[in-house]
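J.: With the sequences and hints as input, model every part of the structure.
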Amino acid sequence: MGRKLLLEHDNVPGINTLHVYRKHGGYTALEKALKQMTPEQIVEEVKVSGLRGRGGAGFPTGMKWSFLAKPEGVARYVVCNADESEPGTFKDRYLMERIPHLLLEGMIASSYALGAKSSYIYIRGEYYFVARIVEAAIAECYEAGLLGKNIMNSGFDHDCYVQIGAGAYICGEETALLESLEGKRGNPRIKPPFPAVAGLYGCPTVVNNVETITAVVPIIKDGGAAYAAIGIGKSTGTKLISASGHINKPGVYEIELGIPVEEFIYSDEYCGGIRNGKKMKAVVAGGSSVPILPTELILKTAAGEPRLMTYESLGDGGFLTGTMLGSGGFIVMDEDTSIVKNLYTFSRFYHHESCGQCSPCREGTGWMEKILRKILDGKGTLADVDLLWDIQSKIEGKTICPLGEAAAWPVAAAIRHFRKEFEEYVTRPSSIKDVKHYYRLNNLVDA
Amino acid sequence: MIDNKEYKFSDETLTTAQRIIKRYPEGKQKSALIPLLHLAQAEFDGWLSPKAMDYVASLLQIQPIEAYEVASFYSMFNLKPVGKCVLEVCRTSSCWLMGAEDVVRHIEKKLHIKEGETSSDGMFTLKTVECLGSCGTAPMLQCGGDYYENLTMEKVDTLLEKMKDDGRRRVYTKDEMIAL
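Going down the list, the sequences are from chains A and B.
When we follow numbering that gives the first Met the number 0, the leftmost residue of the first sequence carries the number 0, and every step to the right adds one.
When we follow numbering that gives the first Met the number 0, the leftmost residue of the second sequence carries the number 0, and every step to the right adds one.
Just to be clear, a hint being listed does not mean it is correct.
Computed list of lysine-lysine pairs in DSS-like fashion (alpha-carbon distance at most 30 Å, straight line) [claimed, not checked]:
#1 Lys233(A) - Lys3(A)
#2 Lys27(B) - Lys373(A)
#3 Lys154(B) - Lys369(A)
#4 Lys27(B) - Lys148(A)
#5 Lys113(B) - Lys373(A)
#6 Lys113(B) - Lys248(A)
#7 Lys29(B) - Lys190(A)
#8 Lys27(B) - Lys116(A)
#9 Lys183(A) - Lys154(B)
#10 Lys108(B) - Lys183(A)
#11 Lys369(A) - Lys27(B)
#12 Lys3(A) - Lys69(A)
Facing chain A, from chain B, some residues (calculated, C-beta under 8 Å) [unchecked claim]:
#13 Pro49
#14 Phe72
#15 Arg90
#16 Leu131
#17 Gln141
What the hints contain is simulated information worked out from the structure, not anything from laboratory work.
All of these numbers come straight from a predicted model, not from anything done at the bench.
Glycine is no exception: its CB is placed at the ideal position from the N, C-alpha and C atoms.
T.: Right under this line is the structure:
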């Protein structure tokens with residue numbers, strides 16, 4: 000069994016309440032932070048821990064924190080990104096639903112470290128039931144003097160609020176999230192300036208993912224070095240993986256970074272293998288945006304080394320033979336899966352979610368969806384496959400925010416690794432196995 | 000069509016709205032726009048008419064266009080009337096892998112409507128939506144503030160019956176909204 004830093008008590012009945020959370024050591028890290036540590040010491044421990052942003056980009060958290068501007072007399076904000084919308088990802092929801100106080104403890108401690116008097120937890124609108132759980136936990140904190148004035152008699156004042164979104168993937172991009180929090184459309188901002196300098200209301204702001212902020216709690220409790228001792232190289236600590244698709248045991252798993260991918264998929268401790276005794280065909284390892292890999296490349300690198308659950312090992316070989324850890328949204332597909340159809344659901348997603356600011360993304364995502372639909376309709380040509388490739392290559396790197404890349408990468412990877420399947424669809428449409436789907440798209444009566 | 004309905008929050012909702020507005024620094028009350036549009040949608044029959052948005056804008060002392068442009072950006076806001084129960088079936092990757100299309104088709108047959116349509120009795124609207132973060136419990140649908148997960152056709156049948164029987168509008172209901 001791997002060590003658990005975040006989900007150690009996730010199955011304890013009532014752990015969502017302050018009383019039970021405290022019985023299991025809750026808020027001792029906050030007490031330590033407020034009474035025994037200076038803000039600078041906390042930032043230092045986070046740097047030492049090697050913690051990397053758990054939302055998907057994997058940027059070192061300590062470094063992000065150290066960029067925060069601290070002009071005199073200007074408010075600073077901590078904003079928690081709980082807009083979890085990357086297809087295949089549901090770990091933040093699990094954390095907030097089960098252990099909302101872990102997030103709040105992390106929020107208060109991080110805010111103390113960064114000198115923020117107010118913080119906001121931006122939760123996607125659809126997670127309304129989750130927002131209510133977090134709200135209830137916040138109310139408990141005010142009651143117990145863990146939020147408000149003079150927290151734990153330390154002299155530190157802090158207010159924390161929940162903000163709900165209203166259905167927009169793009170608001171998971173940090174500057175779009177800030178725009179949304181200011182009551183505007185979720186259009187990403189041009190950077191620089193970065194939020195660390197001009198974020199919420201133009202003030203210095205740190206935006207961190209839910210899992211990143213909760214990881215600050217064990218880092219304060221046991222020290223950054225103890226956290227860094229888990230994992231391999233620059234992939235330190237534990238990571239929550241959302242496992243879904245054709246596996247026996249879908250769910251959220253906390254893993255020590257560094258376990259083999261094969262163990263994660265086939266061991267009973269985690270996914271428990273492929274359901275219905277099928278063979279595995281492909282895996283999307285880090286949420287819909289990262290390149291899909293066929294079985295042979297997800298289990299082993301191009302050099303034949305076992306692939307490990309780390310930022311580096313999953314990325315080994317670049318996009319030619321590798322992928323990314325991303326948000327940890329781990330989607331497993333069995334041998335009967337249509338890669339073309341799965342890609343269509345992704346491309347439709349990105350088209351729907353593009354904010355429309357940048358032409359390459361706004362137009363390109365629409366074209367990719369339409370071409371894929373044409374191919375699925377059995378009306379595609381070989382030239383369409385090349386056209387898809389061409390379009391995706393013209394989105395990447397040409398947009399304000401990374402949604403462009405997120406839309407392009409899955410298309411590129413699906414064609415790179417499964418070109419034969421695309422060719423089959425366009426040269427022999429009668430062979431399309433996903434008949435049900437074919438009928439549906441054409442509004443025909445089910446055969 | 001002339002909209003003669005009076006748009007005004009109940010005292011209770013107004014108190015909630017004012018509490019939300021206080022969460023932001025002075026002069027930044029526009030931050031309350033999305034939460035208030037949710038309140039308005041819940042209070043005014045599940046959708047946002049231009050007058051409903053005008054009312055929210057007046058509460059926040061912003062221009063009506065600022066409310067329209069936001070309401071039209073976010074997919075949870077309905078800009079046209081909807082049924083009492085809006086069934087939002089997730090259609091993205093994991094849900095598709097686990098049979099979301101069968102769920103959509105089953106509901107279509109059962110209610111005699113197509114995706115995007117409202118049943119003739121005004122009870123149900125069927126929509127498909129993008130990933131709702133329920134990938135490990137797929138397929139799923141959302142209705143109002145609730146998630147219904149690990150769906151089977153039997154479960155869908157039971158759910159639809161239940162909703163039909165009580166005839167209740169399912170939105171972020173007022174009671175629940177007070178907590179926010």
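J.: Each hint needs a verdict: does it hold in this structure or not?
T.: Hints versus structure:
no.: 1; hint: Lys233(A) - Lys3(A); verdict: holds, 19 Å
no.: 2; hint: Lys27(B) - Lys373(A); verdict: violated, 47 Å
no.: 3; hint: Lys154(B) - Lys369(A); verdict: violated, 33 Å
no.: 4; hint: Lys27(B) - Lys148(A); verdict: holds, 22 Å
no.: 5; hint: Lys113(B) - Lys373(A); verdict: holds, 21 Å
no.: 6; hint: Lys113(B) - Lys248(A); verdict: violated, 33 Å
no.: 7; hint: Lys29(B) - Lys190(A); verdict: holds, 23 Å
no.: 8; hint: Lys27(B) - Lys116(A); verdict: holds, 16 Å
no.: 9; hint: Lys183(A) - Lys154(B); verdict: violated, 38 Å
no.: 10; hint: Lys108(B) - Lys183(A); verdict: violated, 39 Å
no.: 11; hint: Lys369(A) - Lys27(B); verdict: violated, 41 Å
no.: 12; hint: Lys3(A) - Lys69(A); verdict: violated, 35 Å
no.: 13; hint: Pro49; verdict: violated, 18 Å
no.: 14; hint: Phe72; verdict: holds, 4 Å
no.: 15; hint: Arg90; verdict: holds, 7 Å
no.: 16; hint: Leu131; verdict: holds, 5 Å
no.: 17; hint: Gln141; verdict: holds, 6 Å
Going through the hint list in order, the structure does not satisfy hints 2, 3, 6, 9, 10, 11, 12, 13.
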